[in-house]
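*Asks:* Residue-level listing of the chains:
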Amino acid sequence: MDLEIKKGEIFGLAGLLGSGRTEFAKIAFGDEIPDAGGLEVNGKPVIFKQPRDAIQAGLAFCSEDRKSEGLIPNMSVVDNITLVILPELKKRGIISKKAQRKIAEAYIEKLGIKTPSPHQRVKNLSGGNQQKVLLARWLCKHPKLIILDEPTRGIDVGAKSEIEILIQDLTTQGISILMISSEMEELIRSCDRMAVLRDGVKAGELVGKEISEKRIMEFIAGENAATGAGI
Amino acid sequence: MIKNTSLSVNDSKGEGLVWKLDLQRTLYKHGTLIFFVLLLLLNAFITPNFVSYGTLRNLLLQVFPIMLVSLGMMLVISSEGIDISVGAIMSISASVTVKLFSLEFGLIPSIMAGLAAGCLCGLFNGIMIARFKIQPIVITLILMIAGRGLAQIILGELSLSFYYTSLADLGSFKLGGLIPVQMIIMLAVILVIGFFVKTTVFARHVEAVGDNCRASKLSGVNIPLIIIGVYVLCGVLSGLAGIMEAARINSINAASLGLMVELDVIAAVAIGGTPFTGGKPRVMGTVLGALIVQLVTIIVNMNNIQFHYSLVIKAIIIVLALYLQKEQA
Chain A
2 MDLEIKKGEI
12 FGLAGLLGSG
22 RTEFAKIAFG
32 DEIPDAGGLE
42 VNGKPVIFKQ
52 PRDAIQAGLA
62 FCSEDRKSEG
72 LIPNMSVVDN
82 ITLVILPELK
92 KRGIISKKAQ
102 RKIAEAYIEK
112 LGIKTPSPHQ
122 RVKNLSGGNQ
132 QKVLLARWLC
142 KHPKLIILDE
152 PTRGIDVGAK
162 SEIEILIQDL
172 TTQGISILMI
182 SSEMEELIRS
192 CDRMAVLRDG
202 VKAGELVGKE
212 ISEKRIMEFI
222 AGENAATGAG
232 I
Chain B
4 MIKNTSLSVN
14 DSKGEGLVWK
24 LDLQRTLYKH
34 GTLIFFVLLL
44 LLNAFITPNF
54 VSYGTLRNLL
64 LQVFPIMLVS
74 LGMMLVISSE
84 GIDISVGAIM
94 SISASVTVKL
104 FSLEFGLIPS
114 IMAGLAAGCL
124 CGLFNGIMIA
134 RFKIQPIVIT
144 LILMIAGRGL
154 AQIILGELSL
164 SFYYTSLADL
174 GSFKLGGLIP
184 VQMIIMLAVI
194 LVIGFFVKTT
204 VFARHVEAVG
214 DNCRASKLSG
224 VNIPLIIIGV
234 YVLCGVLSGL
244 AGIMEAARIN
254 SINAASLGLM
264 VELDVIAAVA
274 IGGTPFTGGK
284 PRVMGTVLGA
294 LIVQLVTIIV
304 NMNNIQFHYS
314 LVIKAIIIVL
324 ALYLQKEQA
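Residue numbers (the working numbering), protein chains in the order written: chain A, 2 to 232; chain B, 4 to 332.
If you are wondering where the hints come from, they were derived from the structure by calculation, not from laboratory data. One or more of the hints may lead you astray.
Taking lysine-lysine pairs in the DSSO-like style, the calculated list, with each CA pair at most 27 Å apart, reads [stated by the list, open to error]:
| id | chain 1 | residue 1 | chain 2 | residue 2 |
| --- | --- | --- | --- | --- |
| 1 | B | 220 | A | 103 |
| 2 | A | 91 | B | 283 |
| 3 | A | 27 | B | 136 |
| 4 | B | 201 | A | 98 |
Taking the hints into account, I'd like the entire structure generated from these sequences.
*Replies:* So this is what it looks like as structure tokens:
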């Protein structure tokens with residue numbers, strides 16, 4: 002599979018469940034080891050043995066499974082937002098609580114996270130606000146590329162459009178987005194370019210105006226569509 | 004008129020509920036402290052000679068090994084692990100120190116070697132768990148059993164005494180002829196661990212790993228480092244506890260030093276409120292927990308209740324504490 006994501010664009014990954022979208026994301030983030038193939042960042046080949054390496058290279062990954070792969074449920078909103086950059090917030094080995102709170106409050110305001118207090122346990126927040134906390138966690142690391150796996154799954158309509166606007170906003174800051182979604186409208190609305198996956202391989206790539214539900218469905222169905230039409 | 008009555012009934016109901024919630028929260032928050040105070044008050048009445056300087060001295064002196072090991076165990080449990088080899092590590096460390104001391108390696112080098120042995124035991128546990136993915140309970144059970152044998156092999160015999168030596172002097176050293184060395188070490192360890200838990204990235208990562216290991220990994224936390232780290236800390240603290248215990252009683256029995264300390268220590272951490280499903284380490288809770296456990300032992304002794312009853316009482320306390328933890332969550 003061959004994908005190329007440019008600076009400041011939203012690249013969509015469409016495909017059916019099990020077509021290898023999440024697997025691709027996890028390989029790109031160093032969470033799973035690829036059988037073959039390699040990654041390049043800024044034209045230089047890289048090997049990610051673990052997520053830590055990918056983070057160092059400027060990648061971020063918001064999992065589709067917020068609960069088991071994202072949130073630290075019993076820790077506070079502040080601690081959740083600053084989890085990734087915590088090592089950068091210490092002075093002489095001691096965490097600066099002030100710096101931690103300052104950053105967290107800045108992002109709570111920026112993303113409009115609704116929480117009674119920055120010290121609230123994150124598990125008590127609503128789905129949309131939890132997702133924003135996870136976004137904030139990655140944004141304060143200033144990544145080059147954020148991989149978003151089903152960023153609006155299980156979130157109410159209001160928060161959904163808020164998060165979509167937020168994602169659009171990021172690209173103006175030069176951050177690239179790789180967006181995985183099962184909701185075709187969402188991809189059509191947001192993406193500059195997209196690839197459609199089928200059975201773990203790229204079935205096709207669409208750019209700009211080409212992106213439409215019809216074209217995506219053609220690629221998803223692939224050759225089967227022809228036989229299907231016969232019946 | 005009827006309307007008024009029903010309104011007032013509603014009001015009082017509401018107030019009652021608020022009051023009840025408040026009481027519940029207070030109980031959860033300071034439950035350990037309240038339990039400790041109640042235990043003290045109760046025994047002031049029912050246990051003869053309980054209110055005395057002697058009881059306080061015994062409590063603070065005898066709680067020493069439990070306190071040290073509990074603080075190590077607290078970190079392990081906070082990372083969603085468990086270490087039941089702490090008693091064996093106490094024995095191994097003490098054996099190394101006493102053996103080298105008896106071979107005239109000198110006091111300081113012998114103690115350093117003993118602490119290094121505790122560190123190695125923790126390293127073994129940590130590497131087996133973090134790298135080879137062995138269940139913490141299984142690998143530490145192995146060290147718990149094999150460690151006793153190892154301690155006897157190191158010592159070369161079952162027990163060894165060292166009366167009237169510098170190591171024995173260390174065990175009974177009193178600062179200004181008044182404050183036992185154990186109390187000073189204990190206070191220092193509590194302060195250091197308390198500071199460590201509050202201020203370091205490592206401690207925050209321990210909590211994160213314990214609460215959600217998978218999410219922590221995806222956020223770039225070095226999981227093996229954290230896991231190995233907590234078992235090493237627990238091993239070193241156990242080692243220090245073992246060495247000082249041997250020094251205090253001027254002899255070592257490799258088969259019995261630190262025997263069954265696991266029960267006391269796990270009880271202390273459970274009472275202290277550190278979640279056994281991983282998460283926030285409670286330093287003050289653990290300190291109080293250790294005091295409560297030792298207090299139970301002392302009370303049982305002072306009331307001439309046979310030793311095996313104290314084991315049952317402690318087991319009940321553990322179950323009760325864990326039940327309350329579940330309720331709270």
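*Asks:* If a hint holds in the structure, say so; if it does not, say that too.
*Replies:* Hint-by-hint comparison with the structure:
1. The suggested pairing of residue 220 of chain B with residue 103 of chain A holds, with an alpha-carbon distance near 25 Å, which does not exceed 27 Å.
2. The hinted pair formed by residue 91 of chain A and residue 283 of chain B meets the criterion: a straight-line CA distance of about 20 Å does not exceed 27 Å.
3. The straight-line distance between the Cα atoms of residue 27 of chain A and residue 136 of chain B is roughly 21 Å, inside the 27 Å bound, and the hint therefore holds.
4. For the proposed pair residue 201 of chain B and residue 98 of chain A, the alpha carbon gap of about 10 Å is at most 27 Å, so the pair holds.
Violated hints are absent here; each numbered hint is respected by the structure.
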